[in-house]
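Student: Make the full structure from the sequences, and use the hints.
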Amino acid sequence: MDAITIKWIVVGVLGFNFLIDKWLSMLNDRHERGVVPPELDGLYSPEERLKSLNYHDELKKLGNWSGLVSLVLTLVVIFSGALGSLEHWIGQYTDSTIFITLGFFAAITIISDVISLPFDWYGTFTIEQKYGFNKMTPKTFWLDKAKGYALGGLLSGGLLAGLVAFLENYGTSYWYVFWLILVGFLFLMNILYPTVIMPLFNKFTPLEAGVLRSSIERYSASVDFPLQNIFVMDGSKRSTKANAFFAGLGKFKRLVLFDTLIEELEEEEIVGVFAHEVGHFKKGHIYQGFIIGAMQMGLMVFLFSWMVTNPLFTEAMGGSGYSIGINLLVFGLLFSPLNLILGFFANLLSRKNEYEADAYAASTASGSALIEALKKISTKSLSGLNPHPYFVALHYSHPPLLYRIRAIQEETVKQ
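Per my numbering, the sequence shown runs over residues 1 to 415.
You may find that some hints are simply not true.
[Said to hold, decoys possible] Cut-off 27 Å, straight-line C-alpha distance, at most; resulting in silico cross-link-like pairs (DSS-like, lysine-lysine):
| no. | residue 1 | residue 2 |
| --- | --- | --- |
| 1 | 139 | 380 |
| 2 | 282 | 130 |
| 3 | 241 | 147 |
| 4 | 375 | 241 |
| 5 | 203 | 241 |
| 6 | 22 | 7 |
| 7 | 241 | 51 |
| 8 | 61 | 135 |
| 9 | 145 | 237 |
| 10 | 203 | 253 |
| 11 | 253 | 282 |
| 12 | 135 | 241 |
| 13 | 135 | 375 |
| 14 | 376 | 282 |
| 15 | 375 | 282 |
| 16 | 130 | 22 |
[As the list claims (entries may be wrong)] Derived DEER-like restraints, expressed as beta-carbon distance ranges:
| no. | residue 1 | residue 2 | range |
| --- | --- | --- | --- |
| 17 | 62 | 394 | 12 to 22 Å |
| 18 | 346 | 201 | 21 to 31 Å |
| 19 | 65 | 389 | 24 to 34 Å |
| 20 | 197 | 113 | 14 to 24 Å |
| 21 | 181 | 39 | 44 to 54 Å |
| 22 | 266 | 146 | 30 to 40 Å |
| 23 | 162 | 263 | 38 to 48 Å |
| 24 | 61 | 394 | 16 to 26 Å |
| 25 | 36 | 346 | 24 to 34 Å |
| 26 | 65 | 201 | 19 to 29 Å |
Simulated from the structure, these hints should not be mistaken for laboratory data.
Computed from a prediction, not measured in an experiment: that's the story for all the values here.
We put the beta carbon where it would ideally sit given N, CA and C, even for glycine.
Tutor: Below is the structure:
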């Protein structure tokens, strides 16, 4: 295989991903506009149903334009050899492979962000604003960007520098050692993310004493759940959409309720949502996700070790010799079909876990309250009611509302 063949394989992968995405989007759009399932009939008024369809239609159009611009510019970069030229230009200022690689990815990140910025801005301050979701101010938008750059530079830059240093000193034969380093980093991030990183973007306050906290504490005691930290996050700072989640591992885990969730749901419904999250903990889903993420990371590192020093991949992008930065970028593109397959199974497992957490909540709290909570959360966010099964298979980490309702009702009948 020569460099030209590799270049056309990369182009083929890009085209395949683009066409698959648009085909699935088209299928889903048609399916959503079909007959609403009887169980969800009346969930939206005719006006709200039209509003939901229009909202998703605008998001789809924005995504189509964003994807098209990204595809065209990526093809221009590939056929012009711009990546090789960029790295050559950076190499004029330093002989360090680490600094060349860091500079290369810093430039790619900034250029990509500049290209996506108009789409992000329009999506936030036009579409989300139009449909009543956006609460973010331009100041918050830019602060998030600045914090993201700082964190990305520190964490991603540190990992990238470590990868280059490791390859220069140990080569590719000891790829598994770097994988173990990455697993350690992943474990550390699971601890730091909820306790250090997330508070940089949102305010977390302990759930105050009162009727709701007492209800949650009573439920926790009834299922022998080691309740430690319940925090309320100011999700309304950015959006009106509601959510709740567990984050962290071991004693560092914390349950987070959006302030919008507390405002929109009744006490019993919030306890139902809490019970769902406890279900994830009881079923071991959090640790399962960590293990699967570590295994997928190991597969990526193993495959990357095969091509990182291959000069043909660098040459295909207009470079010379072999470039760790260019080869890493090409690997990301070539890995995407496999990532599509892995994503399919990851979503399948995730949806299974959601069903299990729902069943746990229905059996230990109130299934009917959880159903009402899910309905309110879905309608408040103008969720689609009738997604296409293929679209669900590849893009949904949670089951559609209809399937969750049916499963919860079945579980309730068993009791």
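Student: Decide, hint by hint, whether the structure agrees.
Tutor: Verification of the supplied hints:
no.: 1; hint: 139 to 380; in the structure: holds, 25 Å
no.: 2; hint: 282 to 130; in the structure: violated, 40 Å
no.: 3; hint: 241 to 147; in the structure: holds, 23 Å
no.: 4; hint: 375 to 241; in the structure: holds, 13 Å
no.: 5; hint: 203 to 241; in the structure: holds, 16 Å
no.: 6; hint: 22 to 7; in the structure: holds, 23 Å
no.: 7; hint: 241 to 51; in the structure: holds, 16 Å
no.: 8; hint: 61 to 135; in the structure: holds, 22 Å
no.: 9; hint: 145 to 237; in the structure: holds, 15 Å
no.: 10; hint: 203 to 253; in the structure: holds, 17 Å
no.: 11; hint: 253 to 282; in the structure: holds, 13 Å
no.: 12; hint: 135 to 241; in the structure: holds, 10 Å
no.: 13; hint: 135 to 375; in the structure: holds, 22 Å
no.: 14; hint: 376 to 282; in the structure: holds, 25 Å
no.: 15; hint: 375 to 282; in the structure: holds, 24 Å
no.: 16; hint: 130 to 22; in the structure: holds, 25 Å
no.: 17; hint: 62 to 394: 12 to 22 Å; in the structure: holds, 20 Å
no.: 18; hint: 346 to 201: 21 to 31 Å; in the structure: holds, 25 Å
no.: 19; hint: 65 to 389: 24 to 34 Å; in the structure: holds, 27 Å
no.: 20; hint: 197 to 113: 14 to 24 Å; in the structure: holds, 19 Å
no.: 21; hint: 181 to 39: 44 to 54 Å; in the structure: holds, 49 Å
no.: 22; hint: 266 to 146: 30 to 40 Å; in the structure: holds, 39 Å
no.: 23; hint: 162 to 263: 38 to 48 Å; in the structure: holds, 44 Å
no.: 24; hint: 61 to 394: 16 to 26 Å; in the structure: holds, 20 Å
no.: 25; hint: 36 to 346: 24 to 34 Å; in the structure: holds, 29 Å
no.: 26; hint: 65 to 201: 19 to 29 Å; in the structure: holds, 27 Å
Hint 2 from the earlier list is the only one contradicted by this structure; the remaining hints agree with it.
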